[in-house]
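K.L.:
One-letter residues, chain by chain:
Number of protein chains: 2
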Amino acid sequence: MASARRSKLDPVAPRDVPTVVVSRLSLYLRELQRLVLEDRATVSSSQLGKALGFTDAQVRKDLAYFGHFGHPGVGYRCEELIGAIRRILGTDRQWTVTMVGVGNLGRALLRYKGFASKGFRIVAAFDADPHVAGVKIEGIPVYSQQRLVDVVRQLRIQLGMITVPASQAQQVADQLVSAGIEGIVNFAPVTLSLPAEVGLVGVDLTTELEQLAFAVANRIGTR
Amino acid sequence: MASARRSKLDPVAPRDVPTVVVSRLSLYLRELQRLVLEDRATVSSSQLGKALGFTDAQVRKDLAYFGHFGHPGVGYRCEELIGAIRRILGTDRQWTVTMVGVGNLGRALLRYKGFASKGFRIVAAFDADPHVAGVKIEGIPVYSQQRLVDVVRQLRIQLGMITVPASQAQQVADQLVSAGIEGIVNFAPVTLSLPAEVGLVGVDLTTELEQLAFAVANRIGTR
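Residue numbers (this note's numbering), protein chains in the order written: chain A, 1 to 223; chain B, 1 to 223.
Fair warning: there could be bad hints in the mix.
Remember, identical chains collapse to one label, so a pair may be satisfied in a single copy or spanning two.
Computed cross-link-like contacts, DMTMM-like style, restricted to lysine to aspartate or glutamate with a CA-CA straight-line distance of at most 20 Å [as the list claims (entries may be wrong)]:
| hint | residue 1 | residue 2 |
| --- | --- | --- |
| 1 | 50 | 174 |
| 2 | 61 | 150 |
| 3 | 113 | 208 |
| 4 | 118 | 204 |
| 5 | 136 | 204 |
| 6 | 136 | 150 |
| 7 | 50 | 197 |
| 8 | 118 | 208 |
| 9 | 50 | 38 |
Rather than coming from a laboratory, the hints here were simulated on the basis of the structure. Fair warning: this is a prediction, and the values are worked out from it, not measured in the lab.
Use the sequences and the hints to build the structure in full.
P.N.:
Right, dumping it as structure tokens:
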């Protein structure tokens, strides 16, 4: 890409957008989708911010990283902004996803209806337990973990969710990487070591409680 | 508290610490606990950073928000830093926790062994399904949701985790608040409206996939 001089009003390169801004895009998207269900056609930055506990200036600043989406005297057109955010996030396309580890958490995620509507299609799951392999959960086939590399390659699966115990997570991640996975969401409470070109998002359920404890112990508002 | 003039080296007030720094404290804590299990007594900022994919400068800067923890020529003493981080996070004490919604996700969280060792003791769970109420899961009694306010008050439960469907989450949150809860971790994919003095951490499992999609679609390293 030509490194032309940018004006301050131009969108910035995705790699220069703070992670926290990207995570707020998910919140804006969810709120906009809720508004559309209520037949709302437009929303102002202050209405959108108020529903999520942010200021209107915050909303405008976040979106300005990616372009100009507001219309003078109208605000944001909900459907238009939904389309724009989905394009930005990369969820305007279908992603194929696999889940490794079909315990309680894995089952909860397989049954969660929200993924498909956001563009994430879980096409295969894996488990080390031979009693679990062979069944279907919500129509999703569960394979033996021994077949992981073959099946992920064959189905060209792009993203993986790891819900195995911490002690097995790195080995599963290595298998996913060798099968050509592009990104991993890791629910196991361990830090994974992956090649730099593989995306990684770690979810530690204890961390969320720790963040809450910090806020409550220090009497800090979390919004 | 006296608002004495602070030198740049003094710890800052908890409310002035960026959220992202607090979330990294959880990662440092987890890595330090892993090192102790391996009988390591000390660790340098660069070793600690390397294990988590951060620079040594990042580690030192994050910890400097809270005080001086390093020892010249030694680095950090693992046990000492664990104690300090737990005090900072507020997890050096026991927190009583309840879980509302005993579906797959609720069950996964009830069975998760990590909470108790981090100071979070789940003492009661609630479910709207009369077939689920009355049982014990991992020794934790499951009550009918109708008894929520009474039981939470009686047991003086401090923190709540909400794992009910989105349509019921606000109502459950209102009940928890009226029962005197101090903070909520919300797993339902909806934004809750709570009084400012009640802590709130929202966990949206789709958001994690969206963050990963953004990174993969834009070929951005996530570390």
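K.L.:
Which holds for residue 118 with residue 204 at a C-alpha limit of 20 Å: within a copy, between copies, both or neither?
P.N.:
Between copies only: 12 Å across chains, 22 Å inside a chain, cut-off 20 Å.
K.L.:
Reference check for the pair residue 50 and residue 38, CA-CA at most 20 Å: within, between, both, or neither?
P.N.:
within (17 Å within a copy, 48 Å between copies)
K.L.:
For residue 118 vs residue 208, is the C-alpha pair at or below 20 Å within one copy, between two copies, both, or neither?
P.N.:
between (23 Å within a copy, 12 Å between copies)
K.L.:
Using 20 Å as the alpha-carbon threshold, which applies to residue 113 and residue 208: within, between, both, or neither?
P.N.:
This pair counts as between: shortest inter-copy Cα distance 15 Å, intra-copy 22 Å.
K.L.:
Give the relationship of residue 136 and residue 150 under a CA distance limit of 20 Å: within one copy only, between copies only, both, or neither.
P.N.:
For residue 136 and residue 150, the Cα distance is within 20 Å only inside one copy (19 Å; across copies 40 Å).
K.L.:
Are the CA atoms of residue 50 and residue 174 at most 20 Å apart within a copy, between copies, both, or neither?
P.N.:
So residue 50 and residue 174 pass the 20 Å test across copies only (19 Å; inside, 43 Å).
K.L.:
Could you figure out if residue 61 and residue 150 sit no more than 20 Å apart (CA to CA) within one copy, between two copies, both or neither?
P.N.:
For residue 61 and residue 150, neither the intra-copy (45 Å) nor the inter-copy (44 Å) Cα distance is at most 20 Å.
K.L.:
If the cut is 20 Å between Cα atoms, do residue 136 and residue 204 qualify within a copy, between copies, both or neither?
P.N.:
neither (27 Å within a copy, 25 Å between copies)
K.L.:
Checking an output row: residue 50 and residue 197, CA cutoff 20 Å. Within, between, both or neither?
P.N.:
between (37 Å within a copy, 17 Å between copies)
The earlier numbered hints that this structure contradicts are 2 and 5.
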